[in-house]
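Asks: Chain by chain, the residues run as shown.
Number of protein chains: 2
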Amino acid sequence: MRAEIIAIGSELLTPFRQDTNSLYLTEQLNQLGVEVSCKAIVGDQREHIAAAARLALTRSDVIIFTGGLGPTEDDLTREGVAEALQLHLRSDPKILAEIKQRFESRGWKMHANNAKQADVIAGATVLPNPNGTAPGQWVSGKYDGRDRMIMLLPGPPHEMKPMFETQCIERLRVKLPAQHIATRTLKIAGMGESQCDGRVAPIYKRFPDVQTTILAGPGEIQLHLRTHAPWAQQAQDRVDTLVDAIEEELGDCVFSDNGDSLEQIVSYYLQMRGKTLAVAESCTGGLLAERLTSISGSSRHFLGGAIVYSNELKTKFADVPEKMIQEHGAVSKEVAAALAEGIRKRCGATIGVGITGVAGPTGGSAEKPVGLVFHGIAAEDGTEVVERNFPGDRQRIRWFAAQQALDMVRRKLM
Amino acid sequence: MRAEIIAIGSELLTPFRQDTNSLYLTEQLNQLGVEVSCKAIVGDQREHIAAAARLALTRSDVIIFTGGLGPTEDDLTREGVAEALQLHLRSDPKILAEIKQRFESRGWKMHANNAKQADVIAGATVLPNPNGTAPGQWVSGKYDGRDRMIMLLPGPPHEMKPMFETQCIERLRVKLPAQHIATRTLKIAGMGESQCDGRVAPIYKRFPDVQTTILAGPGEIQLHLRTHAPWAQQAQDRVDTLVDAIEEELGDCVFSDNGDSLEQIVSYYLQMRGKTLAVAESCTGGLLAERLTSISGSSRHFLGGAIVYSNELKTKFADVPEKMIQEHGAVSKEVAAALAEGIRKRCGATIGVGITGVAGPTGGSAEKPVGLVFHGIAAEDGTEVVERNFPGDRQRIRWFAAQQALDMVRRKLM
Numbered sequence: 105m106r107a108e109i110i111a112i113g114s115e116l117l118t119p120f121r122q123d124t125n126s127l128y129l130t131e132q133l134n135q136l137g138v139e140v141s142c143k144a145i146v147g148d149q150r151e152h153i154a155a156a157a158r159l160a161l162t163r164s165d166v167i168i169f170t171g172g173l174g175p176t177e178d179d180l181t182r183e184g185v186a187e188a189l190q191l192h193l194r195s196d197p198k199i200l201a202e203i204k205q206r207f208e209s210r211g212w213k214m215h216a217n218n219a220k221q222a223d224v225i226a227g228a229t230v231l232p233n234p235n236g237t238a239p240g241q242w243v244s245g246k247y248d249g250r251d252r253m254i255m256l257l258p259g260p261p262h263e264m265k266p267m268f269e270t271q272c273i274e275r276l277r278v279k280l281p282a283q284h285i286a287t288r289t290l291k292i293a294g295m296g297e298s299q300c301d302g303r304v305a306p307i308y309k310r311f312p313d314v315q316t317t318i319l320a321g322p323g324e325i326q327l328h329l330r331t332h333a334p335w336a337q338q339a340q341d342r343v344d345t346l347v348d349a350i351e352e353e354l355g356d357c358v359f360s361d362n363g364d365s366l367e368q369i370v371s372y373y374l375q376m377r378g379k380t381l382a383v384a385e386s387c388t389g390g391l392l393a394e395r396l397t398s399i400s401g402s403s404r405h406f407l408g409g410a411i412v413y414s415n416e417l418k419t420k421f422a423d424v425p426e427k428m429i430q431e432h433g434a435v436s437k438e439v440a441a442a443l444a445e446g447i448r449k450r451c452g453a454t455i456g457v458g459i460t461g462v463a464g465p466t467g468g469s470a471e472k473p474v475g476l477v478f479h480g481i482a483a484e485d486g487t488e489v490v491e492r493n494f495p496g497d498r499q500r501i502r503w504f505a506a507q508q509a510l511d512m513v514r515r516k517l518m
Numbered sequence: 105m106r107a108e109i110i111a112i113g114s115e116l117l118t119p120f121r122q123d124t125n126s127l128y129l130t131e132q133l134n135q136l137g138v139e140v141s142c143k144a145i146v147g148d149q150r151e152h153i154a155a156a157a158r159l160a161l162t163r164s165d166v167i168i169f170t171g172g173l174g175p176t177e178d179d180l181t182r183e184g185v186a187e188a189l190q191l192h193l194r195s196d197p198k199i200l201a202e203i204k205q206r207f208e209s210r211g212w213k214m215h216a217n218n219a220k221q222a223d224v225i226a227g228a229t230v231l232p233n234p235n236g237t238a239p240g241q242w243v244s245g246k247y248d249g250r251d252r253m254i255m256l257l258p259g260p261p262h263e264m265k266p267m268f269e270t271q272c273i274e275r276l277r278v279k280l281p282a283q284h285i286a287t288r289t290l291k292i293a294g295m296g297e298s299q300c301d302g303r304v305a306p307i308y309k310r311f312p313d314v315q316t317t318i319l320a321g322p323g324e325i326q327l328h329l330r331t332h333a334p335w336a337q338q339a340q341d342r343v344d345t346l347v348d349a350i351e352e353e354l355g356d357c358v359f360s361d362n363g364d365s366l367e368q369i370v371s372y373y374l375q376m377r378g379k380t381l382a383v384a385e386s387c388t389g390g391l392l393a394e395r396l397t398s399i400s401g402s403s404r405h406f407l408g409g410a411i412v413y414s415n416e417l418k419t420k421f422a423d424v425p426e427k428m429i430q431e432h433g434a435v436s437k438e439v440a441a442a443l444a445e446g447i448r449k450r451c452g453a454t455i456g457v458g459i460t461g462v463a464g465p466t467g468g469s470a471e472k473p474v475g476l477v478f479h480g481i482a483a484e485d486g487t488e489v490v491e492r493n494f495p496g497d498r499q500r501i502r503w504f505a506a507q508q509a510l511d512m513v514r515r516k517l518m
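Chains as they are written, first to last, in this note's numbering: chain A, 105 to 518; chain B, 105 to 518.
Be aware that a few hints might be false.
The list cannot tell twin chains apart, which means a pair is met if one copy fits it or any two copies do.
Taking lysine-lysine pairs in the BS3-like style, the calculated list, with each CA pair at most 25 Å apart, reads [claimed, not checked]: (1) 213 - 198; (2) 379 - 516; (3) 472 - 246; (4) 420 - 449; (5) 379 - 309; (6) 220 - 204; (7) 437 - 309; (8) 472 - 427; (9) 309 - 427; (10) 427 - 449; (11) 279 - 198; (12) 379 - 449; (13) 246 - 449; (14) 437 - 516; (15) 220 - 472; (16) 265 - 472; (17) 420 - 204; (18) 220 - 516; (19) 265 - 427.
In short, the hints are calculated from the structure, not lab data.
Computed from a prediction, not measured in an experiment: that's the story for all the values here.
Working from the sequences, and respecting the hints, build out all of it.
Replies: Here's what the structure looks like:
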């Protein structure tokens, strides 16, 4: 079964805004076993809405419109879709009364254009919107002899999502062939994309019924696995078997098999092991701490640390000897180790992390090029330093460095 | 003149990937005075590509395809567009020779499917691609009696952008009516969206020829202004006059009129005034430092600071008296001021900033609810504390708090 998503709103045709509703809807539809075959973004022009709807009707079983259901003259989704379906709009007296009442209860007079929101396509089911004024609509019927399900949903995500979840999923499910979808996501650190794919491709190719998507970001690879089967257990077993085979191949490079981020995993491990963490960051400038503290409840195991951008602060906050910086330079194996040890001791943490490197674009040299980063990790059993040369721009190098440090903490806690 | 952008690739129809090329192309087209009226995203199906192309040909003067120009069986943009235009594909011997030569120079044999990349739509101009193997194509002609310009561009942004800039802009410009576009972007901090719009709407409504777009984010509002005129100076004068009027109304709430971020502006001011900055962050957990150090060269005026997540570290790194924390709580006006003063002194900075608050979702109380944040700023002339109650989730509250702190530093330096 094939779906098409049509986002409506001229603001989505500027350089500043993007349709993101379709990502959520795609995920939901995929979970139901429905693939998205096309997406369109059209402005607030009735003829463009109608043209997109007519094209979708020729080829897609499920057609979802988002946006353009408001009360202004520019909100023309109802009109455009009705035109494509060659159906009339009728004013629903119950919706109209509700809108009027909402205005009156606030002591306001309803403007005439608000009456538009009570217009319903002939034969459509009204989808209540507890989070906004514009109700949604569900139309199903045969067009050119083929079954079509059409949804008109509001544009704001906090209105659209609950409406889809409470009003649309069940209505869709009963019309779909009986099948069950199982998905898993694996996250991998400590290897590059081609290295990872080289090792896992021979495995996932043995599972042609499981759709495997590989996404690579700085310091992290994601494997998204999805399959369907007539019985839920069958689908789950199939995807779980593939997950087990990949985990066996990649070992502890797999840091999550349920979608958790690396900072979440580190937080779990710290809590589980009863350990605490402190960091001293130079080139990452707070990014590592920011990621660790983005997790709610992180104050239980993350103590804090220092941003030691200047050499003086490396000495002041993490007790790095001035002489060491003079001898080896601020970006060195020695200073990374001293930062980790110093901040661990100062903060009274179980684990200390120190990062120093050249994030660029300036400040590099032949000996210490942009992208060179030293990561120190200090614990009861000693100190380890990892040297890396990361590619990319300042932002990417900083992300890589934070990712590497988090992965070192994870491995230390395993 | 109206444009339509069609992105091709089945990966763009998953929940994980989004077409971002169209944002760049929209900005470029707008700068030429061309509006984007529709966008479509289709998978690697020839019939879907052809259908999108046929619909676009009925209504859009400029049609840009991105993606689907590679050598695999799935790359069907050439075939789909040729079908819609009812034109043949011919194999270009020069391109074919180049592809063959590229393989031979690496000692590889060219696979047969690579020959696809030499297929050119009859009458098309080949657009060289110095950054990849797939050349682009430019087709212009009359369809149903109307002038149409059609571009086939590669999908990877680092191939698509240079090709558009060097091969397409000038070809487009000569076909466009002689007009000049002027744009300005204002960024505003320290007021809400409705308050801002209430004050500037009466002004920009007097300039109906200038297109004004308001975008609101946490702690920041952007006003994008754009106009066109037959002469460049005329367009620039018009948009500059509107900028002056808005700046007069909003005063020092406007922090940038050239697109710079708040952290960039703070960096400029620090450098210009020869001042240095240090921060002590509790609830923002490193976000403020991370933003400040995201600017290349920030080490000249940003010294660093401490992430004082635990109470002990508030005392250890910023000399906040233990007794003060016991009496007033860690989230208090007093502790914010002490953090700012303590970190300023410890780091030897001109300006010290302290942030303490409840980022949530847990940790709130009736007296100190989630979203309550105290921002302290200490300088030679004394210490100031601002209390705010920010709405939203943990991430949003932290962003608001960092934004507020940056704005306080900006105002202090003005």
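Asks: Now tell me, hint by hint, if it's right for this structure.
Replies: Each hint tested on the structure:
In the homo-oligomer, the alpha carbons of residue 213 and residue 198 lie at most 25 Å apart inside one protomer (18 Å), although the nearest pairing across protomers, at 71 Å, exceeds that limit. In this assembly of identical chains, residue 379 and residue 516 lie within 25 Å of each other by CA distance solely inside one copy; the values are 11 Å within and 41 Å between copies. Taking CA atoms no more than 25 Å apart as the test, residue 472 paired with residue 246 passes in neither setting, with 68 Å inside one copy and 57 Å between copies. For the homomeric pair residue 420 and residue 449, the shortest alpha-carbon distances inside one copy (13 Å) and between copies (12 Å) are both at most 25 Å.
Taking the closest pair of Cα atoms, residue 379 and residue 309 never come within 25 Å of each other, the shortest separation being 41 Å inside a single copy and 60 Å across copies. Proximity of residue 220 to residue 204 under the C-alpha cut-off of 25 Å is restricted to the intra-copy arrangement: shortest distance 12 Å within a copy versus 62 Å between copies. With identical chains, the CA atoms of residue 437 and residue 309 are never at most 25 Å apart, being 42 Å at best within one copy and 60 Å at best between copies. Proximity of residue 472 and residue 427 under a CA criterion of 25 Å is satisfied intra-copy only: 19 Å inside one chain copy versus 46 Å between copies.
When the C-alpha separation of residue 309 and residue 427 is checked against a cutoff of 25 Å, the pair qualifies neither within a copy, at 56 Å, nor between copies, at 64 Å. For the identical chains of this complex, residue 427 and residue 449 are neighbours both inside a copy (20 Å) and across copies (24 Å), given an alpha-carbon limit of 25 Å. Proximity of residue 279 to residue 198 under the C-alpha cut-off of 25 Å is found in neither arrangement, the shortest distances being 28 Å within a copy and 54 Å between copies. Taking the shortest Cα distances, residue 379 and residue 449 sit within 25 Å of each other inside one copy (14 Å), while across copies they are farther apart (32 Å).
Taking the shortest Cα distances, residue 246 and residue 449 never come within 25 Å of each other, neither inside one copy (72 Å) nor across copies (75 Å). Taking the shortest alpha-carbon separations for residue 437 and residue 516, only the intra-copy value of 19 Å comes in at or below 25 Å, while the best inter-copy value is 39 Å. Taking identical chains as interchangeable, the C-alpha atoms of residue 220 and residue 472 are never at most 25 Å apart, the minima being 66 Å within one chain and 44 Å between chains. Taking CA atoms no more than 25 Å apart as the test, residue 265 paired with residue 472 passes in neither setting, with 50 Å inside one copy and 31 Å between copies.
Within a single copy, residue 420 and residue 204 get their C-alpha atoms no closer than 66 Å, and across copies no closer than 61 Å, so neither meets the 25 Å cut-off. Taking CA atoms no more than 25 Å apart as the test, residue 220 paired with residue 516 passes in neither setting, with 62 Å inside one copy and 50 Å between copies. Taking the closest pair of Cα atoms, residue 265 and residue 427 never come within 25 Å of each other, the shortest separation being 59 Å inside a single copy and 48 Å across copies.
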